[in-house]
Amino acid sequence: MSYNQSTLETMKKRQSIRTFDTLNIKDSHLKIIHDYINNEDNLVGPFGSKGCIKLIQVTNNVSDKGIKLGTYGFIKNPQAYLVGVTENNKYSLVEFAYTFQKLVILLTELEIGTCWMGGTFNRNSFEQEIQLGEGDFIPCITPIGYPNQKQRVFDKALRYVVKADNKKPWDKLFYDSTFDVPLDKQKAGLLEEPIEMVRLGPSASNKQPWRLLLTNDRKVCHFYIEHTPNYSSKLGYDMQLLDLGIAMCQFESACKELDIKGRWSVEKPDMLLPNEQTEYIASWEIL
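This note's numbering applies: residue 120 is where the sequence shown begins, and numbers increase by one.
Think of the hints as simulated: they come from the structure by calculation, not from any bench. Think of the CB as a built atom: it goes at the ideal place given N, C-alpha and C, for glycine as much as any other residue. Fair warning: there could be bad hints in the mix.
[Said to hold, decoys possible] In silico lysine-lysine, DSSO-like type, Cα no more than 27 Å apart, as pairs:
| id | residue 1 | residue 2 |
| --- | --- | --- |
| 1 | Lys187 | Lys173 |
| 2 | Lys387 | Lys209 |
| 3 | Lys353 | Lys187 |
| 4 | Lys375 | Lys291 |
| 5 | Lys187 | Lys132 |
| 6 | Lys150 | Lys326 |
| 7 | Lys269 | Lys187 |
| 8 | Lys387 | Lys287 |
| 9 | Lys209 | Lys169 |
| 10 | Lys131 | Lys195 |
| 11 | Lys286 | Lys304 |
| 12 | Lys131 | Lys187 |
| 13 | Lys184 | Lys150 |
| 14 | Lys173 | Lys145 |
| 15 | Lys375 | Lys338 |
| 16 | Lys269 | Lys338 |
| 17 | Lys132 | Lys304 |
| 18 | Lys209 | Lys304 |
| 19 | Lys306 | Lys195 |
| 20 | Lys286 | Lys131 |
| 21 | Lys304 | Lys291 |
| 22 | Lys306 | Lys169 |
| 23 | Lys304 | Lys380 |
| 24 | Lys132 | Lys353 |
| 25 | Lys131 | Lys150 |
| 26 | Lys306 | Lys287 |
| 27 | Lys173 | Lys184 |
| 28 | Lys269 | Lys132 |
| 29 | Lys306 | Lys353 |
| 30 | Lys195 | Lys173 |
| 31 | Lys387 | Lys132 |
| 32 | Lys304 | Lys375 |
| 33 | Lys375 | Lys150 |
| 34 | Lys291 | Lys387 |
| 35 | Lys209 | Lys145 |
| 36 | Lys326 | Lys195 |
| 37 | Lys306 | Lys209 |
[Stated by the list, open to error] Estimated spans, in silico, between C-beta atoms of each pair:
| id | residue 1 | residue 2 | range |
| --- | --- | --- | --- |
| 38 | Lys173 | Glu128 | 36 to 44 Å |
| 39 | Glu246 | Leu391 | 12 to 20 Å |
| 40 | Glu246 | Pro288 | 35 to 43 Å |
Put together the whole structure using the sequences plus the hints.
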């Protein structure tokens with residue numbers, strides 16, 4: 120991506136948009152989106168799992184097929200939806216969210232608004248629209264459009280309720296060598312900025328379930344999820360796995376921007392966990 124601002128700046132400024140302008144999305148922007156989601160390389164996660172992203176344009180929330188797509192009143196004036204499709208298992212969900220967040224960053228660079236939605240949309244209406252294959256599952260969607268500059272009262276109230284602007288501090292999220300020692304931001308070395316991008320990333324209900332543990336030599340960063348008990352049990356899938364994929368995307372995108380070369384692996388470290396809700400997901404190693 121070679122637009123006017125750095126990926127770091129884009130990730131810092133991105134926020135969820137729920138009220139859109141009534142302007143149609145420009146043809147030039149639609150072409151960029153179509154080209155992106157039709158390139159299979161963009162849809163493969165760090166461990167090889169591949170999902171699918173569909174673009175559905177709408178008029179008054181009704182698709183060209185005449186299907187009304189429901190988002191329970193949270194979204195106003197969307198011009199289209201991007202709908203994710205993958206399998207409903209742990210790493211498929213993590214990897215899909217990683218690829219979906221890359222697209223969200225691209226859209227933010229184009230000044231197109233997005234809002235990650237995992238539990239606040241009518242899955243049935245979207246399933247009717249895109250005709251899922253066997254084993255397919257819709258983990259998330261985002262409405263898209265140009266942000267309405269007059270943020271409605273509902274949006275501001277919702278941001279307040281989910282504490283969208285209140286990000287947890289480093290000492291609640293990141294750890295130094297063991298889970299007994301919080302990571303001091305000043306001691307994170309090369310990975311300070313990528314770890315900060317994880318902290319600033321979006322998550323369901325802003326619960327920020329990621330926990331990062333940086334090794335003593337500052338070469339490996341282990342990614343864990345601290346599950347919120349019963350948080351998404353009614354949905355039939357663990358929505359917080361999407362948050363880990365987002366975190367991995369934020370981290371890697373910052374590393375690329377800063378020319379920090381590395382690779383992902385799944386090599387569970389022998390580490391005493393802080394509680395039974397904490398589960399290992401992946402590791403990033405500087406090369």
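For this session: If any of the earlier hints don't hold here, list their numbers in rising order.
Result: Violated hints (numbers, rising): 5, 6, 12, 16, 18, 19, 22, 24, 29, 31, 35, 37, 38 and 39; every other hint is consistent with the structure.
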